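Number of protein chains: 2
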Amino acid sequence: MSTDKYQQLGASAKKTGVHKALAQAGLASNHSYFASFSDDIAGDPTYRSFLHADGAGTKCIVAYLMAQETGDLKWFRGLAQDALVMNLDDIFCIGRPERLQISNTIGRNARLITDEALSEIMSSYAELTEMLKSYDINIDLMGGETADCGDTVRTLVVDAVMAGRIKAENLISTDNVRPGDIIVGLANTGRTVYEKSDNSSIASNGLTLARHCMLAKENAARYPEIIDPGLSSDVAYVGPFKATDTPAELAGMSVGEALASPTRTFAPLLARIYSVLGQEVHGVIHNTGGGQTKNLRFGRGNHYIKNDLFPVPPLFSLIQKYGEVSSSEMYRVFNMGHRIELFLEERHFALIDTMAKELGISAKIIGHVEKNSGSETDNQVTISSGLGTFNYLL
Amino acid sequence: MSTDKYQQLGASAKKTGVHKALAQAGLASNHSYFASFSDDIAGDPTYRSFLHADGAGTKCIVAYLMAQETGDLKWFRGLAQDALVMNLDDIFCIGRPERLQISNTIGRNARLITDEALSEIMSSYAELTEMLKSYDINIDLMGGETADCGDTVRTLVVDAVMAGRIKAENLISTDNVRPGDIIVGLANTGRTVYEKSDNSSIASNGLTLARHCMLAKENAARYPEIIDPGLSSDVAYVGPFKATDTPAELAGMSVGEALASPTRTFAPLLARIYSVLGQEVHGVIHNTGGGQTKNLRFGRGNHYIKNDLFPVPPLFSLIQKYGEVSSSEMYRVFNMGHRIELFLEERHFALIDTMAKELGISAKIIGHVEKNSGSETDNQVTISSGLGTFNYLL
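Heads up: the protein sequence lines correspond to chains A and B, in order.
As numbered in my numbering, residues 1 to 394 make up the first sequence, in order.
As numbered in my numbering, residues 395 to 788 make up the second sequence, in order.
By construction, these hints were calculated from the structure, which means they are not laboratory data.
Here the structure is a predicted model, which means the values were calculated and not measured.
Do not rely on the hints blindly, as some may be mistaken.
Said to hold, decoys possible - Cβ-to-Cβ under 7 Å is the rule here; a few derived chain B residues that face chain A:
id: 1; residue: S406
id: 2; residue: V412
id: 3; residue: A436
id: 4; residue: R505
id: 5; residue: D530
id: 6; residue: D534
id: 7; residue: T540
id: 8; residue: A541
id: 9; residue: V551
id: 10; residue: A557
In this text, a Cβ means the ideal position worked out from N, Cα and C, and glycines have one as well.
The following block holds chain A by itself, in its conformation from the complex (with noise of 0.2 Å):
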């Protein structure tokens, strides 16, 4: 198999088409905050408003999966809070918002998703937004569209938009990202005080690659609803699997679970961080698209190294022995263990490391910043891990 097994499949973690197109059509994006923004809806010159747009993927797909096998509803519940989270989460890494909407597509193969599987995902939102109410994160839910449109969508896709605004001088920019600056990890494993399971910490990227290596032929077989039927056989469900399959390395969660685990929010935290340490938070990045690399695209002239990562989340693990994928394309591709990263001087970290255990989350140093011998404005990644040591240019 080729080394870019992600792309063969599909999709992309370098996402350079998308910019290429984004570039084409004259809307490149603005690098020196994790998410954009605007001059104020309002017209207040001392604020910005922001419009973000995220979903839930494939991750539908194994959610449908589950379903099927186990004839409860409950698992389209997560899809909910993986459309909500990927927005909010990186919404907050360009610092506390005030007010925020949120308003979900839908588009469905009726044939395939009930009524009944519809309500789950709504009522899910409504109980997500209720429980941040509790850590002073408000969020109103503006309805949204579901559209029936089984030519297009062959199970289901459920995306969200967030609009909010936020006040321009506690705007968090990674231009303030500078050599010396620890990289404080949040850990995306375990369980915090406000979820009731066990994270496996796969959130809302690279399911694509995770599925196809995990999952067996067998489950396309069943359900054929849930595979192109364009990919080469080589790369699709090429794992052995099946979705409720429970190896021992997951330690009591079944294959479906761990893939299906809802991307947690680190919210809570970071408000609470930056209410006390404001804009000493030199900037925040969320490992989504582009896994551990994501940092590349963020901040002027730095080398990010990362050497003292946590220990690889077992799904990882099987993601990269069953699927044969690279190192250096498992930290491409996805968070492998924590999705926030903070950078700041070290002082700063026995507060941090209080405040997050409060909440149930492990917080680490992983890595500093030093400046990037190469070049004043591009960065570099350098992942130093039990895996090997991996070097990345944008």
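Fit chain B to the supplied structure of chain A, relying on the hints for placement.
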């Protein structure tokens, strides 16, 4: 064939399933206003905020077919217009918003939809917002999300979310629609001064029914990615045409061109009407899902009599003919010639007519409102046309 073809095709004009799911999740919508809103995101008590979601639906399939058949990627451009206008014109039904923001969400099968096709969609958003600026309708492009997800999306999904604010005192509530009001329809055919080609009137609703009634099985045989393989062969692509065929009735348009005709915006005209008539406009309805019966969900105890509609545009006559669709269902699924309805006193018609003509739009008194003798809260719609007389209850 059954009388409700749309349902057999996996779509629903009534969207009863979606409404049920929303109700189950405690998220039933407000029917006093055509589009929903919350109190102001910036906390100003004299404003309201909205976040609205909609998309191009399965028109994406027509654009894809035409691009494949002609080798021209321009066909993808209209999809940005569909997604933008389906939001914009819904929003304009509650009044004149101030500044607007739009975020686009695209899901594609990257094996079939190229980066160049994406670029056409994105630059079309930019071109459209430029055009609207000349009518003082200001929409900020806020980026978005493009997901490569061929295992969930057969070809392409193009959605958008629009955010904005509106002065509370300018809000138009359909509760103000009253017996005695005339219904002014704004024609969806012809060519406005801000359009480059004639409009077939299809807009972005009923495309599932329209595609399957008009296009022949050979289209799906050549491009199996345009069909849900679970659809019954009795209803799927049962029409006589290839996308590039040009039946005489369409007066030079190909079938694909007519089905892909980009959704017209009436926002420039509505903005002018509101600036002159203000709250003299008692209500505005956008005939989207539900077609000419959309009114049923708005107003209180009204009987909407529509007895002088525009001539049925030829595309709809062809759909009805080849799909053997009942006239009653045609009015429930399609706009049948006008997409916007204004409710107000008859003395204001001449002014609206003049303003409409200046923009190349035909306006017409298509009916009037009476008291619903059967209910003080529910509404009914009666349509009388050359096709017959049809009565609708919710």
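Here is how each hint holds up against the structure:
no. : hint : result
1   : S406 : 6 Å, holds
2   : V412 : 5 Å, holds
3   : A436 : 4 Å, holds
4   : R505 : 5 Å, holds
5   : D530 : 16 Å, violated
6   : D534 : 5 Å, holds
7   : T540 : 5 Å, holds
8   : A541 : 6 Å, holds
9   : V551 : 6 Å, holds
10  : A557 : 5 Å, holds
When held up to the earlier numbered hints, the structure conflicts with hint 5 and nothing else.
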